[in-house]
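Using the hints provided, position chain E relative to the given structure of chain S.
Protein chains: 2
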Amino acid sequence: MKGEEKMVAIGEISLMPGYGSTQAVVLKEDAEADRQLTMFVGQAEYAAIAKEKGLVKSERPLTHELYLNILKKILFKFQRIEIFSMREDVFYARVIFAFKGREYTVDSRPSDAVALALNRKISVMVNADLLHPAPSQQDMQEYEKFIKRAKF
Amino acid sequence: MKGEEKMVAIGEISLMPGYGSTQAVVLKEDAEADRQLTMFVGQAEYAAIAKEKGLVKSERPLTHELYLNILKKILFKFQRIEIFSMREDVFYARVIFAFKGREYTVDSRPSDAVALALNRKISVMVNADLLHPAPSQQDMQEYEKFIKRAKF
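Keeping their order, the protein sequence lines are chains S and E.
Just so we're aligned: 105 in my numbering is position 105 of the first sequence, and the numbers increase by one with no gaps anywhere.
Just so we're aligned: 123 in my numbering is position 123 of the second sequence, and the numbers increase by one with no gaps anywhere.
Looking at chain S on its own, in the form it has when it is part of the complex (with noise of 0.2 angstroms):
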């Protein structure tokens, strides 16, 4: 499966707070690219990618920096996020890091991978089958019925 994956390197992470009726984290290869991934996530989610981009400030760490914060303790490297594949409504994403000289990859919800990424300042792959044209005011009500239910 990985071999027939054509994966986009991500240049351009923007935050949508009001998309539609809830929040998106929009994903773009660069500025003028005109395929995207709306990643239209929870309030948590959100926060920690908005905190990561400098956009809000919490005095106590959230979720991902705990860890973050375990980890910069001890001798570990970050390499990559891939989000590589979408399975009846489901987004799913990877998280590859070395240590000791091995390669290790664990899943994850892409936006967790996100928000990881930003902190670490590694690069985000997605799939290319997966970006879509900006969604159009009059799109929106009908992509909205499917992102509803898909799950980032």
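Check before you lean on any hint, since a few could be wrong.
You can't tell identical chains apart in this list, so a pair holds if it fits in one copy or across any two.
Claimed, not checked - Derived lysine-lysine pairs resembling DSS-like cross-links, with alpha carbons at most 25 angstroms apart:
id	residue 1	residue 2
1	K57	K121
2	K100	K73
3	K100	K57
4	K53	K72
5	K121	K6
6	K77	K100
7	K51	K73
8	K100	K72
None of these hints come from the bench; they were simulated from the model.
Chain E alone, transformed into the frame defined by chain S:
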């Protein structure tokens, strides 16, 4: 400061899905204890703790599970968590872990620390000064005023 803290080992962690107008996690020394720490938490934090208690399922790893899956792959040992202080309505906790024979401490929100402790089956310690009698139905309204400002 650490020397002044009398820490109590928590043996009973229970969930209150509708405690007042929100959801809470209650920590007690044991089921019969007459003092407790009532933690009013957000939905994501509640879901993480409920999943660790086996009360809800989700097919994909939550944030804390992603990182615990990473840490499981490397030589790593969590020791205990401590909810040790409250200042200006903010509760403070820390996670103590060992790596290569050295002990480390990282700051944590109490809700993250409790989810971690349930996952790794390690001790939950609470500063005795933070425990209070269970609020009666009558007290709840008053207590909620405080608790709405407090941050777990």
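Hints, one by one, checked against the model:
no., hint, in the structure
1, K57 x K121, "within (19 angstroms within a copy, 31 angstroms between copies)"
2, K100 x K73, "both (15 angstroms within a copy, 11 angstroms between copies)"
3, K100 x K57, "neither (34 angstroms within a copy, 33 angstroms between copies)"
4, K53 x K72, "within (19 angstroms within a copy, 29 angstroms between copies)"
5, K121 x K6, "within (22 angstroms within a copy, 41 angstroms between copies)"
6, K77 x K100, "both (9 angstroms within a copy, 17 angstroms between copies)"
7, K51 x K73, "within (21 angstroms within a copy, 28 angstroms between copies)"
8, K100 x K72, "both (15 angstroms within a copy, 14 angstroms between copies)"
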